[in-house]
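*Asks:* Single-letter residue listing:
2 protein chains.
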Amino acid sequence: MRIIVQKYGGSSVATVKRIQRVAKRIVELKDQNTAVVVVVSAMGKTTDKLVAKAHSITEQPKVREYDMLLATGEQVSIALVTMAIDALGCEAVSLTGAQAGIITDNVHGKATISEIHTERIMKLLNEGKIVIVAGFQGVNLEDDITTLGRGGSDTTAVALAAALKAELCEILTDVDGVYSADPNKIDSARKLDEISYDEMLELASLGAKVLHPRSVELAKEYGVDLHVRSSFNMREGTIVKEEETLEKKRIVSGIASDPKIAKVSVLGVPDRPGIAATIFGALAEAHINVDIIVQNVNREGINDISFTISRDDADHAVATLKKLPQDMCAGGVVVDDKIAKVSIVGAGMISRPGVAAGMFRALADEGINIDMISTSEIRVSCIIARNRADDAVSALHRAFESDLA
Amino acid sequence: MRIIVQKYGGSSVATVKRIQRVAKRIVELKDQNTAVVVVVSAMGKTTDKLVAKAHSITEQPKVREYDMLLATGEQVSIALVTMAIDALGCEAVSLTGAQAGIITDNVHGKATISEIHTERIMKLLNEGKIVIVAGFQGVNLEDDITTLGRGGSDTTAVALAAALKAELCEILTDVDGVYSADPNKIDSARKLDEISYDEMLELASLGAKVLHPRSVELAKEYGVDLHVRSSFNMREGTIVKEEETLEKKRIVSGIASDPKIAKVSVLGVPDRPGIAATIFGALAEAHINVDIIVQNVNREGINDISFTISRDDADHAVATLKKLPQDMCAGGVVVDDKIAKVSIVGAGMISRPGVAAGMFRALADEGINIDMISTSEIRVSCIIARNRADDAVSALHRAFESDLA
Chain X
1 MRIIVQKYGG SSVATVKRIQ RVAKRIVELK DQNTAVVVVV SAMGKTTDKL VAKAHSITEQ
61 PKVREYDMLL ATGEQVSIAL VTMAIDALGC EAVSLTGAQA GIITDNVHGK ATISEIHTER
121 IMKLLNEGKI VIVAGFQGVN LEDDITTLGR GGSDTTAVAL AAALKAELCE ILTDVDGVYS
181 ADPNKIDSAR KLDEISYDEM LELASLGAKV LHPRSVELAK EYGVDLHVRS SFNMREGTIV
241 KEEETLEKKR IVSGIASDPK IAKVSVLGVP DRPGIAATIF GALAEAHINV DIIVQNVNRE
301 GINDISFTIS RDDADHAVAT LKKLPQDMCA GGVVVDDKIA KVSIVGAGMI SRPGVAAGMF
361 RALADEGINI DMISTSEIRV SCIIARNRAD DAVSALHRAF ESDLA
Chain H
1 MRIIVQKYGG SSVATVKRIQ RVAKRIVELK DQNTAVVVVV SAMGKTTDKL VAKAHSITEQ
61 PKVREYDMLL ATGEQVSIAL VTMAIDALGC EAVSLTGAQA GIITDNVHGK ATISEIHTER
121 IMKLLNEGKI VIVAGFQGVN LEDDITTLGR GGSDTTAVAL AAALKAELCE ILTDVDGVYS
181 ADPNKIDSAR KLDEISYDEM LELASLGAKV LHPRSVELAK EYGVDLHVRS SFNMREGTIV
241 KEEETLEKKR IVSGIASDPK IAKVSVLGVP DRPGIAATIF GALAEAHINV DIIVQNVNRE
301 GINDISFTIS RDDADHAVAT LKKLPQDMCA GGVVVDDKIA KVSIVGAGMI SRPGVAAGMF
361 RALADEGINI DMISTSEIRV SCIIARNRAD DAVSALHRAF ESDLA
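Here the protein sequences come in this chain order: X and H. Take 1 as the starting number for the first sequence in my numbering and just add one per residue. Take 1 as the starting number for the second sequence in my numbering and just add one per residue.
Calculated directly from the structure, the hints in this document are not laboratory data. Any given hint could be a false lead.
If chains are identical, the list can't say which one is meant, so a pair holds when it fits in one copy or spans any two.
Okay, derived cross-link-like pairs now, SDA-like style, lysine to any residue, Cα gap no bigger than 25 Å in a straight line [stated by the list, open to error]: (1) K129 - T118; (2) K129 - E142; (3) K338 - T320; (4) K53 - R25; (5) K53 - V16.
Required output: the full structure, derived from the provided sequences and hints.
*Replies:* Structure follows, in structure tokens:
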């Protein structure tokens, strides 16, 4: 049985009309002799509205109840999409995360899928039915509803594609694919036909927004081919797959910027073993993802440690650090949330020296100061002032235009 | 452990302010050394909005998906109420119908509770936690979400009270209790301090709206004392309990009218055994509740059968009857939906003849024609033209005023 998993984002199911169009597209795929499993997000701004409701009740909603609340958004979507398919004369069955057998750990709001019991989905597919699964949610071993956090529906789709050994996971969204830069800001940005998991991972982590890094990581781990394409037209989008199977490796595939970050500096850290482990261990326990870390030796025996995190986590990070023994940060904790990260990404970068230097030169020519630098084999990222982020992306796209073409 | 089950209707949790007030009331009850289980309906008009959404997708939504959709309404409420209790520093846990162990049959949209696995609720109560359960919903043995239909949250509350052996089931609503007639229409209507299950059952069936008959039936079956009272004030409401424990039995306790009915007449029914069984068997299979049945012998060997049903079921009933062999209703099927039922109810009626005659006299004096009559030991009902229903209730309240006082 040829199985394809499709995922429709919130904007693709935002209205009744769109839901009906999505239903038609699902039925068309099913008619191509394909078993179809569809993962659906909450309609349009539903999740935001539910979040606002929770916060109108209390500033700090209990995480378990927060998940109970948010999970209703996707449940509404799957019911309506299934009704719309049914109205087209095709049989479909909706499943909540729990009913779809998506088991997670206990971390409410940011749960990780631990296993998927596919029996029920496989049974329905074998009966010739289309299966519509609520994205973003699962159930822990105590039978409590959990949510997977940001990008959760992508993760659901990829995890299901892996568990069901699907041929492909289509991510249907409101853009035509993955671009070399944000097409809303860079006129010359162009759609990539294909890109490797690693490149996509870097771009996703860097705020390209099309795919959540967790889902790309999962796709890479299980070798699930992704097809990122528009739900509003039938044009081919971008295929995300193994690097070895790419037709050509570009030196620079894309340029991304992420304005939603903050830099936290822990000042006056004593220079003895285990300090960094304590600091980042505490942050990890608080489920705060740290991105770039820089340690400066200021004066003898005293260090400053700076790191970047999602801006949403800044308050939580500071609160977590303040709970550490006082001598760990004798100089205090400082947050700078007026920064952005701009990055260039390309699988061909490894074999071509001087790419990083070219990036620093392009930023310098634009008069943009670099605060922190971080590199990987296929990426160079710079932390700069947020109000220069758009200028930086433009300058970099110009500088690497010949590579991107 | 002293357990009290409270049920809050949709209007009691319609806004954030009301949810916070409900939370305060729950915590106050818990502070009285009481284990509290709360059943909550969907907020305000939520269910209506979800129904409208389903019907904007398709005229005849699939019942399984309809339940999947509607169940989200209560899920939102339980999460928000639990958050509000948590904000008051008290520990609460929300449970969907499935999580609360409420198992039903497979009749989507009108499911019947078959059993309740109380282990999880009892465990939470033993841990000192308040338990907030989604009303109106359960889960069938296939793990599909079901809804209980109209009055479902009352039924959930009473069933839980029975299963948990609760001391009392409080039904908190937007009225002060059960009245001798609709207080919005009859100025002299007065609140009853207590009423028997049977009287309440008749009044509930007759459209008194305060309690759904299914929940009263269940309360009677398991001997659960109900306290119907306002969620907006702390005044005592109406206790519904065993007739033997009532302080006094009134001849007439209440007067009710139900405008939401229709009369279906099956004309030209052959006069042979088994015909009525076929007709009403088919209706029962279609899950249509029939109320009053009248059979007239018109001419030799040919009968007309008329019956009343909920107006919502009228189309469904006609469709069901049209599927019967043609000779069963040679004269066709006629629907009259311009009718209403007015009734007088009283446990003391049994021992006092002439009550029915008094009712007919009062209606005749008002110039109101009686179309059908139905009586039980504690009730007399008349089918009349709907546009005279209010006049009828006024006239009857005046006629039986001394009994009601």
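*Asks:* If a hint holds in the structure, say so; if it doesn't, say that too.
*Replies:* Hints versus structure:
no.	hint	verdict
1	K129 - T118	within (14 Å within a copy, 34 Å between copies)
2	K129 - E142	between (30 Å within a copy, 16 Å between copies)
3	K338 - T320	within (21 Å within a copy, 68 Å between copies)
4	K53 - R25	between (33 Å within a copy, 21 Å between copies)
5	K53 - V16	both (23 Å within a copy, 8 Å between copies)
The structure is consistent with each of the numbered hints, conforming to all of them.
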